[in-house]
Amino acid sequence: ETGVTQSPTHLIKTRGQQVTLRCSSQSGHNTVSWYQQALGQGPQFIFQYYREEENGRGNFPPRFSGLQFPNYSSELNVNALELDDSALYLCASSLGLQGNYGYTFGSGTRLTVV
Amino acid sequence: QKEVEQNSGPLSVPEGAIASLNCTYSDRGSQSFFWYRQYSGKSPELIMSIYSNGDKEDGRFTAQLNKASQYVSLLIRDSQPSDSATYLCAVSTSGTYKYIFGTGTRLKVLA
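Chains as they are written, first to last, in this note's numbering: chain A, 1 to 114; chain B, 1001 to 1111.
These are calculated hints, taken from the structure and not from any lab test. We put the CB at the ideal spot given by N, CA and C, even for glycine. Misleading hints may appear alongside valid ones.
As the list claims (entries may be wrong) - Interface residues of chain B toward chain A, partial, derived using beta-carbon atoms under 7 Å:
1. G1009
2. F1034
3. Y1039
4. S1043
5. P1044
6. S1049
7. I1050
8. T1093
9. Y1097
10. R1106
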């Protein structure tokens, strides 16, 4: 059984650019959640995808968007990058909607916006 | 008031001692509680979950939950230098998928 994998591991972008981060969910999991962790902070919920539909969203602007594919992998897209978008982006997969059993995160993508 | 609060530390303990990490939360509807360990530059790793009042033990780790007082704690017995990391408390409300994380407590175990 493979875990959650994320790509790329590191990324440097310029302010105003667009970025796409990718996540492959753990085998058998149909739900993907994305979190942003700024330096020195705890992770913050961005959104969750279930069966290719956005199921819930945190306090992030519309320039943060996502997709989930039929194989349950997911993308996080961020448009018009700002310096404050620099963070570790974490993906977690689960079976079903409820996160009662604890999410397992992927290794993350560290995004630096310059 | 923050939804999930933790002392940022650092909490320094000698090797072999008990490390006690605390977390308070504001939402009385919270039902699921988690402790994550995060090494510098790495992603958080789930180490404990607890759902009902009382203690839950797993190896050297014990999670304690008191819903009336709205706090959850993590005890690490026989602390090792390899336990040096940031410990994140996460809380979720029943039936929801969204975890609220604290800012984490940095633990240093001194050899």
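Now the hints, each set against the structure:
Given hint, G1009/B at the interface with chain A, is violated; its Cβ is 12 Å from that chain's nearest Cβ, farther than 7 Å. The interface hint given for F1034/B holds, since its Cβ lies 5 Å from the closest Cβ of chain A, which is under the 7 Å cut-off. Against a cut-off of 7 Å between C-beta atoms, the interface hint on Y1039/B is violated, since the closest Cβ of chain A lies about 11 Å away. At its closest, the beta carbon of S1043/B sits 4 Å from a beta carbon of chain A; the interface hint therefore holds under the 7 Å criterion.
The restraint placing P1044/B at the interface with chain A holds, with a minimum CB-CB distance near 6 Å, inside the 7 Å limit. Because the beta carbon of S1049/B sits about 5 Å from the nearest beta carbon in chain A, less than 7 Å, this interface hint is met. At a threshold of 7 Å, the smallest CB-CB gap from I1050/B to chain A is about 10 Å, leaving the interface hint violated. Checking T1093/B against chain A: minimum C-beta separation of about 10 Å lies over 7 Å; hint violated.
Interface hint status for Y1097/B: upheld, as the beta-carbon distance to the closest one in chain A is roughly 5 Å, under 7 Å. For the restraint placing R1106/B at the interface with chain A, the shortest Cβ-Cβ distance is roughly 10 Å, beyond the 7 Å limit, so the hint is violated.
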